[in-house]
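I would like the entire structure built from these sequences, with the hints used as guidance.
Residue numbers (the numbering used here), protein chains in the order written: chain A, 1 to 267; chain B, 1 to 379; chain C, 1 to 463.
One thing to keep in mind: the hints can contain errors.
Stated by the list, open to error - Mimicking EDC-like on lysine to aspartate or glutamate, the simulated pairs with C-alpha atoms at most 20 Å apart in a straight line are:
(1) C:K457 to B:E193
(2) B:K300 to A:E49
(3) B:K261 to A:E7
(4) A:K173 to A:E49
None of these hints come from the bench; they were simulated from the model.
Because the structure is a prediction, the values reported are computed rather than measured.
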Amino acid sequence: MRQTPGEYFGNVGRTVTSFWHGLSVTLSYLLRRPVTTQYPDRTPLPVREMLPPRYRGFLEVDAGVCTGCQACERACPIGCIQINLEKDAANPKQRVVTQFDIDEAKCMFCGLCVEPCPTGAIQHTREFEAASRSVRNLVFRWADPANPFPVYKVDKNAEYYPRAPLGSLMRAKLEARDWAAAAPQFLPPEPPKPPAAKAPPKPAAPAAKPADSAAKPADSAAKPAPAADAVTAKVAEAAAPAPKPAPVPPAAAGAAEPTAPSSKPQA
Amino acid sequence: MEKLILRKVPNASEEMLLNFGPQHPSTHGVINFLVDTDGEVMKKAIPDVGYLHRSIEKIAEQVGYAGFMPYTDRVDYVAAMFANEGWAIAVEKLLKIEVPPRAQYLRAIAGELCRIASHLVSTGTMATDIGATTPLVHALREREALNDLIEALCGARLTYNYHRIGGVAFDLPEGWSDRVLRYLDHFETLLVEWDRLISYNHIYVKRLANVAVIPREMAVDYGLVGPNLRGSGMDWDVRRDVPYGAYPDFKFDVPVGRGFKGVSGDAFDRYYVRVLEMRESAKIVRQALEKIPDGEITAKVPRKIKPEPGEVLSRVESARGEMAYYVVSDGTEKPWRVRIRTGSYLAMGIIEDVSRGLMVADLVALIASLDVVAPEIDR
Amino acid sequence: MNTPASVSPTPYAPKYTPKWLVGLTLAAAIGIPGAILGAILLLTPIVQPATLDAITREWLGQDPATWYWRPWLGAGMLALVAFVLVNFGAIFSGMCVWYERRVAGRMQSRIGPNRQGLGGFLVWIADAVKMLLKEDLVPADADALVFRSAPYFVLLGFALTLVVTPFGQSLIVADLNVGIMYITSITALVVVGVLLSGWASNSKWALFGGMRSAAQVISYEIPAGIAIFVPVLMAGTLSMQGIAAAQGGLPWEWFIFRNPAAFIAFFILFTAQLAESNRTPFDLPEAESELVAGYLSEFSGFRFALLMLAEYGNIWVLSVIGSILFLGGWQIPFVGNEVYANLRGTGVLPSAAWFGLQAVSMAVLVVKAAFLSNVIVWLRWTLPRIRVDQMMALSWKYLVPAAFGCFVVTLLWEIAAVEAPAISTITGYVLTAGALLLLVLFVRQIFRNIAAVQGDKLDLSNW
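This is the structure:
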């Protein structure tokens, strides 16, 4: 392409000036303080203290003020909260929460569960340093099935609810646990019976299993289904955490429907 | 698509069929391009999208109106406020509720801050694709400061979930306006330095000026939106021309590419329009913080959102252009169909035609100047 | 503040670098380069044939002309020196990697490597060990023999130049009388290596990189070659030591300031050599954002380490050539050429004072070369990359005519300088003053840059 002498020398001149500007800007950055800090040792405070108060970190539930209304479970779009209520054996008028599991691995930290809570029992803390070796260890259990907590009766005249300081319960939980703990193991599948001996295993049987294991609150939210079969595992996952049929394949959806009402006792 | 992939290249000793992507630092996400080239000059480049499809629109049919808000963040996570806003406006239209003015100002403030953040990423990655890595890190440093501000406002740094049906979720924290104004003072001086470092750099200009020119008629025909359209010389901005929210109260210019260093519609125009837009967004935020009225931050919305059967289209000016939500409701709690039209998806359509005769290095400049992000294309 | 290990899996990192690590880093930072440069200082005079003859005659009592083992002694010493030089290349490229990453970090407002030793200095040793331990992969359809041998061509192209690059006044393994021509021709082996690696990788992206690189290096050989002739004309010899000896130690005695055409020729040479060694803004062959390491993409482990070694080692060669040809090389200010000969003494080995002076000249050369290396690294993090056709246009339309112009002007200048040597000295003073003025303006610009951004200030904490 033809160039006029003006363009030619203009190119040279513009190159020289842009070099001048660019080089001076980058060299000037050598004299400014870098904005990064080494983590975690050279931060002035632990990072969770430096975060703003509205930070949406890991969820924390104060069982002392939880009313068992399940509003958070309904609000969660993913379905990572699983709450089970039962009548107290000793006092039939009192309801107790036997299971309050939050699967933080599924949680997308959107905050939709925090808003409908009437007492502020469930809140986002500023904790984020909760990595663990196995993703199954990220299910936090805020209710102990062996020792269920009674639901809180809201006092209409109260000005505030006696909730524990935000973050203290989560901190206690994180400090007490071992990040490298092994994941809960699932039993291997039953070996298939030889065809001459018996009829092949019925497909209803795996669907029935999550039903009775969902009715009694087990040790893990992702039920330790005895089969590593993908469908039944999905059924177990779907039946346990959420009544939502969306992420479940249609075959299991049909199986989930009859179990869902039985797994959710009347509130 | 199979026919394109499996066909034999006619002049096999001279032409090659290259896969540009899906794992590639310059394709702004997982996008694949099938490039027919004879070495440096391409015959054409065909985009092959779908690697990041997550069925977000289908998920809307399962989670309901209120629950879909966090999913809209993920439609375009670089500029998530606008996606939130689009959804909120669509559902508010369906429910026929009016958003209080303070909430609209808050939406504008959050949106414009997000626009600055998104343009920082866009201009920074464009500089990196052209070869200079330092401007990207500077841009990300500024974006960090913005992220911190938005984190103080709504609690998250990338997927904000700030808007709600009927308003916004949080009000301004204490001292936040001062922090924002101090930051904007710093930012505007930094943009001057940014221009000296990279925008006016002769090598950079030569890489982008007169490259991948999209004339105005072609841009309108292909349906480009946002800075891509404005870079081609078409003066169209949804905030000004189809006003919504609090934008009628603000005075701002809409930068249009008239050939800053080359021809109107080249890659440099599209890039520079974004740099200028950052300045305008800073102006809008200043005006909004000054004029923000007191009041509620959210309207009264029924607990179970069950709009009447109908359909609605809402348009917002996202950082990448006009983002439109088309929502069909059938009277139940979950929408019947949600369709999100994003600027990046439209930009994919034009790549094949513009890429004829370009060099591979120019294809990188073209993709970067169209500011495509993969999540927006595939949703 | 100690984070309990149970809370997060990040390893416990101390608040300040422990003393033993500081000591180890300092020992490595001073010891390793000191050892290698010391080895070069001692070995290169010894390996000269005259010295070896003297050693054979005096210390071993043999007649060097007829002793059977004399050639073996020469070969053995050369092998030792070769080992030392290749190690020097490796150590320089390692330290350059550390420096580059650290400088890149600082220019981008972040800290560079910082965990491996004080200031992250040991990161290059860690990188080297890591690369040695990586899987040695040859792609299935690659041309195995060519793939395996290609990095060695690149390494040869770099390592063979170290034989004629001086390290000090007499610290050169072989002062060929066509020294600079030898360097220009040997670096062409790198092209062969790059092309072979691009082709043998059996990947279209790698092929792109190889083809681009071939075009680039071949086009930029020409302006480089012509620009090299400018100091050759001014010195009257092609030998590296001869060109350095023709200059003086003070800045206005350097060739760059003695001739306005030489000033321009320096920048032409610098640009052309940047292009030959594939450094930004000419790093098209390995353009990260387009080709993701182009011709090197299929190499891993030791082969990759060799290619990286050659690339960073080429920075050294570039810098040394630039310093020797234009910036006065190893010339110490106020020390003329005859001082070295006087100090040498008549023994078999030169005197300790001579070695001391050589060490000073080595230091001067290393400082100048380090400065130029710093500029090369700095350019990488500032400038974007140019496109293939623009690169060709730059070479053929701008650099070649300018280089020819400088060449012709230098011819006439030298004729004039014979008549009136004053013009060279006056130009020396004027151009040095001009360069100093530019330097002052540049420093002022830097401070103004910091002041221009509101909220930034000069802050050297956390350096």
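We went through each hint and held it up to the structure:
Of the supplied pair hints, the one linking K457 (chain C) and E193 (chain B) holds, its CA atoms being roughly 14 Å apart against a limit of 20 Å. Among the hinted pairs, K300 (chain B) with E49 (chain A) is inconsistent with the structure: their alpha-carbon atoms are about 35 Å apart, more than 20 Å. Of the pairs offered as hints, the one joining K261 (chain B) and E7 (chain A) holds, with about 13 Å between alpha carbons and a cut-off of 20 Å not exceeded. Using a Cα cut-off of 20 Å, the hinted pair K173 (chain A) and E49 (chain A) holds, with the two alpha carbons roughly 17 Å apart.
The structure fails hint 2 only (numbered hints given earlier).
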